[in-house]
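Undergrad: Sequence:
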Amino acid sequence: MSRWMVLLLAWAFSSLSPSCPAFAQSAPDPTTDSEVADDRPPTDEEVTDFLRSQNEPDVMPKADDPRRWSFWPVLIDRATHTVLPHLVPRGVIVYEFGISRTVNDDEGVEVETDRLLETTIRSRAADHLEFRLGFSGYISEDTQTTISKTNDSGYGDLRLGSKVSIATGDDTRPAVAIVTDFSIPTGSRSVSSRRVDPSFRLSVSQPLGKRSWSFIGSAGIGWVSDRYSPNSTIDTLSAFEWSAGVRTPILSVEFIGDAGLSRPGGPRNSFRVGSSLIQPSEMGNLQTDLWARFGLSEDADDWAIGLGFSFWRKPKVVTPAPASRPETEASTKSLQP
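Our numbering puts the first residue of the sequence shown at 689, with every later residue one more than the last.
Since the hints were made in silico from the structure, they are not lab data. Be aware that one or more of the hints could be misleading.
Label-pair ranges, simulated between beta-carbon atoms [unchecked claim]:
1. I835 x V791: 18 to 26 Å
2. F870 x T833: 31 to 39 Å
3. E795 x P886: 27 to 35 Å
4. S985 x S836: 26 to 34 Å
5. F943 x I787: 18 to 26 Å
6. V961 x G897: 16 to 24 Å
7. G954 x V791: 14 to 22 Å
8. L805 x F982: 22 to 30 Å
9. G796 x L965: 35 to 43 Å
Every value quoted in this text rests on a predicted model; they were computed, and no experiment measured them. Where is the CB? At the ideal position from N, CA and C, for every residue including glycine.
Given only the sequences and the hints, what does the whole structure look like? Please build it.
TA: This is the structure we're talking about:
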């Protein structure tokens, strides 16, 4: 494991500690409304507004109900292929982990790719900016033909990215964000792209009427450095990427694909279905997700399946002790013998 991987894992696990500065915040300043909204549980009005914006069932948890935090607008990017345009709130760090398996059989060449511990760490950096740190995980790729079988495996590259909110959206207007990232060639030689591969996309989410369904979609361009063997030259290829579908709080259905700009071959279109479930607790929320993808075009992967979980912690607020009441002159005299 390279030095970059060790630093990433050390930072991630240290951030989970309750003593992390991201969670041990000072008491909110009552004169600053924005800070109060970030450092305390949402009010009934804020929960109602969020439910309305997401078209979720209008169920109002009680103030001491830990499920109340599951209505805070922390939306996980793993549950859907489309990176949702919503940002995490201040003081919250979201950890997303997953595993996946992809299978493709093309003209007698079968390729099976397993990814373990794919990771994304998200944190709010400014009012309209989210910072994203990703790790491609451990990758094992088996290629089998009628006469041979080879394996390429190792740790994938890191990715740095951001999500910039353009519009937060409401019942009539969509939420819009620009999502960008680029790879850092820190992985094992056999699976690393060995180049900086950027990508950017426009992400949109729009509630559909008064029901729990919302339209989600994205469009953008991505670059991928394709290697033909560990010792061959690398070509950097670009493709137009898109996705469109609908989602509810627990289910998503999407059509996804890409069309090569400089990449050879035809379009790679697929159908994807996903499901997620949130388990709230006093410490924070844990969300599990399961998804499956099926190829629709000749050049697309035959099928893929993935499982993941995401964790985020509500920030700790240090509430100052109430000031003691000064004793009045009358009460002082009453205590005198």
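Undergrad: The structure should be examined with respect to each hint, and the outcome stated for every one.
TA: Hint by hint, here is what the structure shows:
no.	hint	in the structure
1	I835 x V791: 18 to 26 Å	holds, 20 Å
2	F870 x T833: 31 to 39 Å	holds, 34 Å
3	E795 x P886: 27 to 35 Å	holds, 31 Å
4	S985 x S836: 26 to 34 Å	holds, 27 Å
5	F943 x I787: 18 to 26 Å	holds, 24 Å
6	V961 x G897: 16 to 24 Å	holds, 22 Å
7	G954 x V791: 14 to 22 Å	holds, 19 Å
8	L805 x F982: 22 to 30 Å	holds, 25 Å
9	G796 x L965: 35 to 43 Å	holds, 40 Å
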